[in-house]
Amino acid sequence: MTGAAVTASDRPCLPRGVRLHYDAVRETPVLLGPEIALMLDPIGKAVLDEVDGARDIAAISEDLARRYDAPRDMIEADVIEFLQGLAVRRLVDLS
Amino acid sequence: MAMLAELTHRCPLSCPYCSNPLDMVQRQGELTTAEWARVFQEAAAIGVLQLHLSGGEPASRPDLVELVAAARAAGLYTNLITSGIGLTPARLEALDRAGLDHIQLSLQGTTPEVADFVGGYKGGFARKMQTAAEIARLGFPLTINAVMHRHNLGDLPATIALAAELGARRIEVACVQFQGWALKNRAGLQPTRDQVDVAKRVVAEARRTYAGTLAIDFVPPDYFADFPKACMNGWGTTGLNIAPDGKVLPCHAAEIIPGLVFQNVRGASLAEIWQGPAFSAYRGTDWLPEPCQSCDRREIDYGGCRCQAMALTGDPRATDPVCRLSPFRARIDEMIALETSAPPPAFIYRKLAPGAV
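One line per chain: the protein sequences are C and U, in this order.
Letter 83 of the first sequence, counting from 1, is numbered 83 in this note's numbering, and no numbers are missing.
Letter 22 of the second sequence, counting from 1, is numbered 22 in this note's numbering, and no numbers are missing.
Simulated from the structure, these hints should not be mistaken for lab results.
Certain hints may be false.
[Stated by the list, open to error] Computed list of lysine to any residue pairs in SDA-like fashion (alpha-carbon distance at most 20 Å, straight line): (1) Lys-45(C) x Glu-81(C); (2) Lys-122(U) x Leu-138(U); (3) Lys-351(U) x Gly-188(U); (4) Lys-229(U) x Glu-81(C); (5) Lys-184(U) x Met-310(U); (6) Lys-229(U) x Ile-36(C).
[Claimed, not checked] Partial list, derived from the structure: chain C residues whose beta carbon lies under 8 Å from chain U: (7) Arg-16; (8) Gly-17; (9) Leu-20; (10) Val-25; (11) Leu-38; (12) Pro-42; (13) Arg-66; (14) Ala-70; (15) Val-88.
Note that the structure is a prediction, hence the values are computed from the model and not measured.
C-beta atoms are modelled at their ideal positions from N, C-alpha and C, and glycine is treated no differently.
Given only the sequences and the hints, what does the whole structure look like? Please build it.
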């Protein structure tokens with residue numbers, strides 16, 4: 001992707017070298033990447049669990065909205081903001 | 001938490017800013033494969049998530065592939081910090097199969113002339129470029145480590161462009177920090193104030209140009225800063241360093257601090273060492289002197305770098321002398337003025353003791 005804004009039709013994936021890990025010492029999920037270990041809250045973990053390189057942000061948000069019984073628009077805005085933050089650091093790639 | 005494992009001090013390059021200590025460990029003193037594997041397990045057990053395999057040149061260890069496999073088996077995110085020399089295509093493929101997560105490739109310059117002069121190794125640049133192409137072919141995530149100083153800061157735009165061209169996702173533009181061999185070569189490496197100002201602008205512009213393709217981390221030269229860096233993000237909080245012989249250090253330069261007792265993984269577990277005397281010496285803020293103790297930035301920089309305080313003031317407990325509030329700050333400004341007004345002296349290249357293998 002470029003520096004352009006992330007949209008609902010972007011398809012996120014975890015690039016090689018970035019992976020989810022369960023930190024047994026701190027008892028928390030983390031996203032591991034080059035020089036980074038990002039502690040994930042339950043929301044971040046839920047979003048990243050859906051990132052499979054196949055579905056776009058709209059589809060992911062739809063599923064999360066259904067599962068958590070929350071307004072889809074709100075979820076989608078949160079997902080975009082969260083993934084945009086990761087994409088800038090190349091912890092998520094978007095296509 | 002991150003652990004830097006200096007697998008060996010052997011290296012085909014002899015960069016004059018090497019972070020290794022002046023007094024290096026020889027081959028026969030290095031930890032064995034089995035000892036490293038045990039240390040990786042102990043590291044994971046105390047909460048280490050990131051492992052940096054470094055040196056010297058880690059590829060100088062014939063058991064590098066086994067070490068990577070052992071690190072992954074311990075559950076660690078495994079990063080190889082290398083010059084690229086000694087990584088043949090077959091070896092890179094084996095590292096790939098062993099689960100290596102990421103590679104950090106050092107860049108001494110963007111042309112053979114500069115790079116081979118800085119690295120002190122003729123033909124090194126050409127071999128590095130071959131390794132980089134192989135890394136890209138195998139799809140390894142790549143970070144370029146570019147140490148910048150007086151001799152190559154002018155090439156910063158080309159350095160960033162080369163990183164993008166090599167397919168790196170990230171470049172670390174690190175202005176040389178004056179520890180280890182770099183301290184010995186400070187006069188030859190010290191950037192001018194103009195170079196530093198231009199570099200900041202180049203980085204800001206490149207961050208816009210490469211947004212989303214190449215992440216650019218910039219380590220500014222702390223001699224030109226107003227406040228010190230939080231060395232190691234706070235002593236004994238998030239990082240540890242294992243020397244090739246198993247000595248455990250709170251930071252790679254800590255051996256210059258007199259009076260600290262460094263334990264060895266051959267004699268104690270990492271969990272014990274983490275709570276031991278060297279790691280407790282400057283942990284937290286209780287030990288801080290004035291003006292740090294009553295400073296608002298106390299929890300931000302923890303008084304700065306202990307090794308820098310030792311090297312420049314002779315007192316490891318002093319406020320880091322780069323701080324504007326340090327009585328020694330004027331001395332650093334004089335040093336910069338003096339060193340940058342004269343032509344750079346010849347490098348003293350890094351080398352193991354004479355006769356070493």
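Hint check: 8 Å Cβ-Cβ cutoff, Pro-42(C) to chain U: With a closest approach of 19 Å, the Pro-42(C) hint is violated.
Pair hint outcome, Lys-122(U) versus Leu-138(U) [Cα-Cα no greater than 20 Å]: violated, 26 Å
Restraint check for Lys-229(U) with Glu-81(C), where alpha carbons must lie at most 20 Å apart: violated, 30 Å
Arg-66(C) as chain U interface residue, shortest Cβ-Cβ below 8 Å: violated, 30 Å
Hint status (Cβ of Leu-20(C) to nearest Cβ of chain U, threshold 8 Å): violated, 11 Å
20 Å Cα cutoff - pair Lys-45(C), Glu-81(C): Since the Cα atoms of Lys-45(C) and Glu-81(C) sit roughly 14 Å apart, the hinted pair holds (cutoff 20 Å).
Proposed interface contact between Val-88(C) and chain U, which counts if any beta carbon pair is under 8 Å: holds, 7 Å
Residue hint Leu-38(C), partner chain U, criterion CB-CB below 8 Å: For Leu-38(C), the interface hint is violated, since the closest Cβ of chain U sits about 10 Å away, which is over 8 Å.
Status of the Arg-16(C) interface restraint (C-beta, 8 Å, chain U): holds, 6 Å
Hint status (Cβ of Ala-70(C) to nearest Cβ of chain U, threshold 8 Å): violated, 29 Å
Straight-line alpha-carbon gap Lys-184(U) to Met-310(U), limit 20 Å: holds, 14 Å
Evaluation of the interface hint that places Gly-17(C) against chain U, nearest CB under 8 Å: holds, 3 Å
Comparing the model with each numbered hint stated earlier shows that hints 2, 4, 9, 11, 12, 13, 14 do not hold.
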